[in-house]
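Using full-length UniProt numbering, the final residue of the sequence shown is 762, and nothing's skipped along the way.
Read the hints as simulated data drawn from the structure, not as lab findings.
Worth double-checking, as some hints may not be accurate.
Computed beta-carbon distance windows for the label pairs [as the list claims (entries may be wrong)]:
no., residue 1, residue 2, range
1, Gly-523, Asp-338, 41 to 49 Å
2, Gly-364, His-314, 32 to 40 Å
3, Val-357, Glu-206, 51 to 59 Å
Using 20 Å as the maximum straight-line C-alpha spacing, the simulated SDA-like pairs for lysine to any residue come out as follows [what the hints assert, rightly or not]:
no., residue 1, residue 2
4, Lys-220, Leu-177
5, Lys-220, Asp-143
6, Lys-374, Ala-295
7, Lys-374, Gly-324
8, Lys-374, Tyr-340
9, Lys-220, Gly-190
10, Lys-374, Arg-267
11, Lys-374, Leu-289
12, Lys-374, Ala-345
13, Lys-374, Asp-277
14, Lys-374, Leu-270
15, Lys-220, Arg-171
16, Lys-374, Leu-310
17, Lys-374, Ile-306
18, Lys-374, Ile-335
19, Lys-374, Ile-412
20, Lys-374, Glu-293
21, Lys-374, Thr-301
22, Lys-374, Asn-296
23, Lys-220, Tyr-175
24, Lys-220, Val-251
25, Lys-374, Ile-279
26, Lys-374, Trp-291
27, Lys-220, Glu-179
28, Lys-374, Asn-294
29, Lys-220, Cys-183
30, Lys-374, Asp-281
31, Lys-374, Val-321
32, Lys-374, Asp-308
These figures come from a predicted structure and were not determined experimentally.
Beta carbons: idealized from backbone N, C-alpha and C, even for Gly.
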Amino acid sequence: MVRQHARTPSGSGPESDGTGEVLIVLHLERTSGAVGWTFCLPGPWPLSGRPQTLAGLLRLVHPADRGTALVAAGEAANGRAVEFSVRARTATATGAGDFADVAVTGGPHPEDPDRTYRLVGRIASPAGAPVGGLAEMAVESLDEMVLVTEASSLDGPDGPRIVFVNPAFERATGYGLAEVLGCTPRILQGPLTRRESLERIRGALERGEQVTEELLNYRKDGSTFYNEVTISPAGPRGGGPACFVAVQRDVTERRAWQRQLENLEERYRLVVHGTRDIIWDWHVGTETLWWSENANDVVGTRPGTIGDWLSLVHPGDRDRVGAGVEELRSGGAEIVSDDYRLRRADGVYIDVEDRAVAIRDRTGAVVRLVGTMKDVTEIRRLDRQLRRKQRLEAIGELTGGVAHDFNNLLTIVLGNADALELQLGAAPGGDRARTIIAAAERGAELTSRMLAFARAEELRPVPTDVAALIDEFRPILEGGLGQRISLVVESLPSLRPALVDPGKLEIALLNIVINSRDAMPEGGQVTIRLGDDGKALARQLDDERSELRDFIAIRIADDGAGMSREVAERAFDPFFSTKGGRGTGLGLSMVYGFAKQSGGHVQIESEPGAGTIVHLFLPASSGAAPRRGPVDGARFEGRDRHVLLVEDDPDVRANAEELLLSFGLGVTSAGSGAEALTASRDAGHIDLLFTDIVLPDIDGRALAERLVAERPGLKVLFATGYAAEEGAAPQPQRPEQRILRKPYRRSDLARQLLDLLDGDGK
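Between the sequences and the hints, there should be enough to build the whole structure, so can you do that?
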């Protein structure tokens, strides 16, 4: 380490070359290793301050020239002559300083060439002239770190060496100027400093280019900090760089904020991705809208202004939604929520739920509206579907109950009318009895439709060739359509059979076709298309049953007037007519009940002016079976047989008792389960129990089980007009038990009795 000291001007007088220029003479005493300088001045000391160390003297040199000075010093240390120019800071009245050009020449001292080296600096500018002093002041006062190195080889272990750092560097790193002079910037680097960034810096400086990088550096105490460094080659115009000037900014705090911001943005992205909610921000002053990225996924577009957004709102909702926005913007409300329909980029409207809040500035003025938008189309669809299902189930229960009671009345009417017709025959009054029977049968057909909707009608599902059924039934369908409407049937050659009741399917098809006819008063076409892709089609139509089983799809399409969504949603309601008050309103209700009871489903697609498509989904069958023929209508002749009759309705009981007696059967009647048990204990021989399923004290099934246990071999005939009762009844395949549906004719009862008492039901 070279010992440094300063020697003030002294001797026999000032040293001068006689030109009047200010001379600074620096003597380097090489032998002793001491450094001192002697000044020869024609006037006051022209440089800023009186540095006492070599480092202090180097501070007077402009940062861009310190590399040049150090290179020259190295040459001088080896005894070689040098000649160079630098800028040095001059004194001013305020002591701050400007720069002056100093031409320096050096060589061995002529009087003592072996021991002393003499440097002479000539200040070309007058003392105090403003030659860049403001720039030096700025460098010294900057909060940014400034580091200057010589422009030596970037690959060598000793270069480029530091020739200057400003006070901000010393404060930020903990290193003083004397500690870093002659060192390389590598003293700031450590194991976490990215090699890639250093390589980019090296490449840019080799090309003579300015470069900016962010580095992780190390302080003197070993702690780390991030700094953004911009390094620029500096030197005379037209020549190579004399030094590298690095301006560094401590960005540790900025990095921490940036990382926190990145975490917030990542959390925001996760929230948006997880909820699928759209987030929007409307700047009131600029009328611009910002949308989260998932708006493209949900809506297919991101409107740029509030006007663009309102243009996508359904015309029926636009005024209401716009009024809510205006109320929020004017300060009349703090939060506004609304549901409305929004048009996607593909033209389809979706249901959205929107919630907005007003953001105010310090004066209370609304400056932004921020909100969230959620696609609730599927939720609304499921909600409508659930409410519709609950409504239909409630109506079905009511309808089934009414039909059950009405069937009891029709049973009495038909029973007495049958007896009256049998008694009168062709005599006067017989026609009236037959008129009563016909009217009662029409009433029975009406209750049959009501029960079909309530899924309370007995079905006999068998594997059915739907294409063959429609082919056989086609004349009736065409007759129902009339001459102005054509019927087209399309089917697959290998269509699987459906597991349905063939007769009820024919009635369902006829009801649908008649509805199509009434929608085309000017004529048109009905197309029935049969398909084996019912499961896929049901899934496409969002049917909740689509994953449960395979379906045969029957598609009945017309080119009639169509119907609105509101009408289509109520088309299956009992007594709701799609024909403007005409009709019973039970045709499509029966279709709905038939489809549900068959284990299938039915849906309507329709728009005003675009016709209607009814999709009927029926469960597919894996096998084929012949259709059942008609039941044998032979009359029953009693042979000393006895029947225990149980019916809580006295009129129905009286009618049934009269019919049983007319067959020559013995009858014991009871109005409840308890009475029947008592009558059974008191009676002698009983061949058959004829009981209603719904009784006031005990249901018919429980009564039958107790009596069969007491009387093995007892035959049972259940009477019912209710689907819920049939579900509780024994299964028909048991040979000793049968089910008779109300209202029943005399012949219906006779066939069941014959089958049980004299047929296979023995």
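Going down the list of hints, with the structure as the test:
no.	hint	result
1	Gly-523 to Asp-338: 41 to 49 Å	holds, 45 Å
2	Gly-364 to His-314: 32 to 40 Å	holds, 34 Å
3	Val-357 to Glu-206: 51 to 59 Å	holds, 56 Å
4	Lys-220 to Leu-177	holds, 13 Å
5	Lys-220 to Asp-143	holds, 19 Å
6	Lys-374 to Ala-295	holds, 10 Å
7	Lys-374 to Gly-324	holds, 17 Å
8	Lys-374 to Tyr-340	holds, 11 Å
9	Lys-220 to Gly-190	holds, 11 Å
10	Lys-374 to Arg-267	holds, 19 Å
11	Lys-374 to Leu-289	holds, 17 Å
12	Lys-374 to Ala-345	holds, 16 Å
13	Lys-374 to Asp-277	holds, 5 Å
14	Lys-374 to Leu-270	holds, 16 Å
15	Lys-220 to Arg-171	holds, 11 Å
16	Lys-374 to Leu-310	holds, 16 Å
17	Lys-374 to Ile-306	holds, 18 Å
18	Lys-374 to Ile-335	holds, 16 Å
19	Lys-374 to Ile-412	violated, 60 Å
20	Lys-374 to Glu-293	holds, 14 Å
21	Lys-374 to Thr-301	holds, 15 Å
22	Lys-374 to Asn-296	holds, 13 Å
23	Lys-220 to Tyr-175	holds, 6 Å
24	Lys-220 to Val-251	holds, 18 Å
25	Lys-374 to Ile-279	holds, 9 Å
26	Lys-374 to Trp-291	holds, 13 Å
27	Lys-220 to Glu-179	holds, 10 Å
28	Lys-374 to Asn-294	holds, 11 Å
29	Lys-220 to Cys-183	holds, 14 Å
30	Lys-374 to Asp-281	holds, 15 Å
31	Lys-374 to Val-321	holds, 15 Å
32	Lys-374 to Asp-308	holds, 19 Å
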